[in-house]
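Whenever a hint applies, use it, and build me the whole structure from the sequences.
Residue numbers (the numbering used here), protein chains in the order written: chain X, 462 to 588; chain S, 462 to 588; chain C, 5 to 135; chain U, 5 to 135.
Accuracy of the hints is not assured; some may be wrong.
[As the list claims (entries may be wrong)] Beta-carbon label-pair distances, calculated as ranges:
1. C/Gly-70 - U/Cys-11: 18 to 24 angstroms
2. X/Pro-545 - S/Thr-501: 53 to 59 angstroms
3. X/Gly-480 - S/Glu-497: 51 to 57 angstroms
4. C/Cys-11 - X/Gly-471: 49 to 55 angstroms
5. U/Thr-56 - X/Gly-480: 24 to 30 angstroms
6. U/Val-72 - C/Leu-90: 26 to 32 angstroms
[Stated by the list, open to error] Listed next, the in silico DSS-like pairs over lysine-lysine satisfying Cα-Cα at most 25 angstroms (straight line):
7. X/Lys-496 - S/Lys-496
8. U/Lys-121 - U/Lys-67
9. X/Lys-562 - X/Lys-469
10. X/Lys-496 - X/Lys-472
11. U/Lys-110 - U/Lys-121
12. U/Lys-66 - X/Lys-559
13. X/Lys-496 - X/Lys-562
14. S/Lys-496 - S/Lys-469
15. X/Lys-472 - X/Lys-562
16. S/Lys-559 - X/Lys-562
17. U/Lys-110 - U/Lys-67
18. C/Lys-135 - X/Lys-496
19. X/Lys-472 - S/Lys-559
20. C/Lys-67 - C/Lys-135
21. U/Lys-135 - U/Lys-66
22. X/Lys-559 - S/Lys-472
23. X/Lys-496 - X/Lys-469
24. U/Lys-135 - U/Lys-110
Treat the hints as calculated values from the structure; they're not laboratory data. The structure presented is a predicted model; accordingly, all values stated were derived computationally and were not measured. Note that the Cβ used here is the ideal one computed from N, Cα and C, for glycine as well.
So you can see what is in the structure, the chains are spelled out below.
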Amino acid sequence: MDKTSLLKIGKVLILSIEGEVNDFSVVSMQDMLLKEVRNTSTRGVILNIARLEIVDSYMARVLSDTARMIRLMGGITILVGVNPMIALTMVDMGLDIKEVKTALNLDAALELLTGLTTLGRYSEESL
Amino acid sequence: MDKTSLLKIGKVLILSIEGEVNDFSVVSMQDMLLKEVRNTSTRGVILNIARLEIVDSYMARVLSDTARMIRLMGGITILVGVNPMIALTMVDMGLDIKEVKTALNLDAALELLTGLTTLGRYSEESL
Amino acid sequence: MSRVEICSEQDIVLARQVARQAALNLGFSLVDQTRIITAVSELARNIYTYATSGSMQAQELKKATGIVGLEFVFEDQGPGIDDLQLALTAGYSSGQGLGLGLSGAKRLMDEFELQSKLGQGTLVRVVKWTK
Amino acid sequence: MSRVEICSEQDIVLARQVARQAALNLGFSLVDQTRIITAVSELARNIYTYATSGSMQAQELKKATGIVGLEFVFEDQGPGIDDLQLALTAGYSSGQGLGLGLSGAKRLMDEFELQSKLGQGTLVRVVKWTK
Ligand SMILES: Nc1ncnc2c1ncn2[C@@H]1O[C@H](COP(=O)(O)OP(=O)(O)O)[C@@H](O)[C@H]1O
Ligand SMILES: Nc1ncnc2c1ncn2[C@@H]1O[C@H](COP(=O)(O)OP(=O)(O)O)[C@@H](O)[C@H]1O
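Here it is as structure tokens:
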């Protein structure tokens, strides 16, 4: 799991997926994240892929699945760090991750989730 | 009906579905819940499945159907207690319960519903 | 080897209990236990729903490599399935189901085999290996 | 010319690294590098997923006009593909994938060639030119 780091700020978990992650470690990352969401009073999860080299169809599926799982558990997931090259490539090949909310950067994502946590009355739909 | 417990806190009903519930008792639980929503001035329903072993396609359907019926009656349903194993399994097999709102735990669900009840001006869509 | 006769809603619960115990015995992870119990629940319910009655047999398997696994065979003498392809399509249900039972069980297990003959019955065999 | 044997998840990462290095060497733009690495990732994973093992060969090409390009050939002796048209259809997967690997790789590269024989194996050849 050296490729990823998990950080907790208040009620927000930040998972940064880095560089040369392989399929297996992506799945164990997902497991670890879900357990963490359950064991801590997490409200929101930020998936930071700023240091990820590419998003192929496997990674796209893992990202949407993870967001879907976290939603089932009652949390909110925001994806940040999609660089223009990745965005272009994903669109080119028809990859979409509709169900996953995105923010331009960590700050914007945190703001979104924090506003939500302190006010406590906005829900996923209003995000 | 020994497998489930129904609790009322203020205007919120909490139904906890437990362990080895069978299809028949799930349906009678649904009946009972809907009657209770009708007979009391319930605004919100929390479906707590923290002690449920699995969610198969039947249970997923009952959960969404219940939320839909309660919505038709003017109430709001929040699902809590989906554990990581259940979340993983549901996503694996393509089960989704989109129409049902979720919260990480009872506290978060109550907070959501209470904010809603006291403020009383948020529509369900904004939840 | 355990055998469960399925002819009531409570027998679906029983099938799940047998599956859970067997999965526990073999040391499956919590997630895999959940996957196995969920698949068993789907297939047991299909017997009850579509064939009224039938049976589940659970059995431990062992590969030459030493890897162990769990096999479940669901058998009924019900109406059978006309179009296997269609029945396996995610979202297809001849009744009011979500149509995710067969396709879901297939995705949750490592091996999945479906045999059926119209008017004669259906057999579903699934296996999960401890990696 | 580089060659990568693909028989583990880590080899998919290796194939991507080789592709990145080759694309860097030829001076591809950042976007084209990303396109190339993504296509390679899809095709390498298909080998691992569907054929268990196989290989990737990377090679520089040069047109008469002087334009250079990068060719990747993915080869396996796996089960092969029955219906090429279907396999190339965006969204079709025989497993749990998104079904965007082959169609995606085709869209990302300039040339795409797919050959397969049931029971004998599969060959995918892709090329990207530095415009
Ligand atoms: N044991 C069985 N006997 C006869 N038909 C079956 C059996 N199991 C499944 N089927 C058929 O296959 C269809 C798809 O099954 P499934 O995927 O479990 O979805 P669902 O049960 O929600 O309809 C069913 O609607 C039914 O027509
Ligand atoms: N190397 C291969 N060997 C055998 N079958 C393959 C191979 N590559 C692709 N396929 C088949 O083509 C289908 C489509 O592939 P692809 O577009 O990459 O989507 P996915 O991998 O998500 O299913 C696969 O589901 C598989 O059945």
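Each hint tested on the structure:
1. C/Gly-70 - U/Cys-11: 18 to 24 angstroms: holds, 21 angstroms
2. X/Pro-545 - S/Thr-501: 53 to 59 angstroms: Holds, at about 54 angstroms.
3. X/Gly-480 - S/Glu-497: 51 to 57 angstroms: For S/Glu-497 against X/Gly-480, whose Cβ atoms are near 54 angstroms apart, the range 51 to 57 angstroms holds.
4. C/Cys-11 - X/Gly-471: 49 to 55 angstroms: holds, 54 angstroms
5. U/Thr-56 - X/Gly-480: 24 to 30 angstroms: Because 26 angstroms falls inside the window, the suggested range holds.
6. U/Val-72 - C/Leu-90: 26 to 32 angstroms: violated, 50 angstroms
7. X/Lys-496 - S/Lys-496: violated, 36 angstroms
8. U/Lys-121 - U/Lys-67: violated, 30 angstroms
9. X/Lys-562 - X/Lys-469: With a Cα-Cα distance of about 19 angstroms, the restraint between X/Lys-562 and X/Lys-469 holds, given a limit of 25 angstroms.
10. X/Lys-496 - X/Lys-472: Given pair X/Lys-496, X/Lys-472 holds - Cα atoms ~15 angstroms apart, limit 25 angstroms.
11. U/Lys-110 - U/Lys-121: holds, 19 angstroms
12. U/Lys-66 - X/Lys-559: violated, 40 angstroms
13. X/Lys-496 - X/Lys-562: holds, 21 angstroms
14. S/Lys-496 - S/Lys-469: holds, 13 angstroms
15. X/Lys-472 - X/Lys-562: Holds, at about 18 angstroms.
16. S/Lys-559 - X/Lys-562: holds, 15 angstroms
17. U/Lys-110 - U/Lys-67: At roughly 20 angstroms apart (the allowed maximum being 25 angstroms), U/Lys-67 and U/Lys-110 satisfy the hint.
18. C/Lys-135 - X/Lys-496: holds, 21 angstroms
19. X/Lys-472 - S/Lys-559: holds, 24 angstroms
20. C/Lys-67 - C/Lys-135: Holds. C/Lys-67 to C/Lys-135 sits at ~11 angstroms (cutoff 25 angstroms).
21. U/Lys-135 - U/Lys-66: holds, 12 angstroms
22. X/Lys-559 - S/Lys-472: Between X/Lys-559 and S/Lys-472 the Cα gap is close to 35 angstroms, so the pair fails against 25 angstroms, i.e. violated.
23. X/Lys-496 - X/Lys-469: holds, 13 angstroms
24. U/Lys-135 - U/Lys-110: Since the Cα atoms of U/Lys-135 and U/Lys-110 sit roughly 17 angstroms apart, the hinted pair holds (cutoff 25 angstroms).
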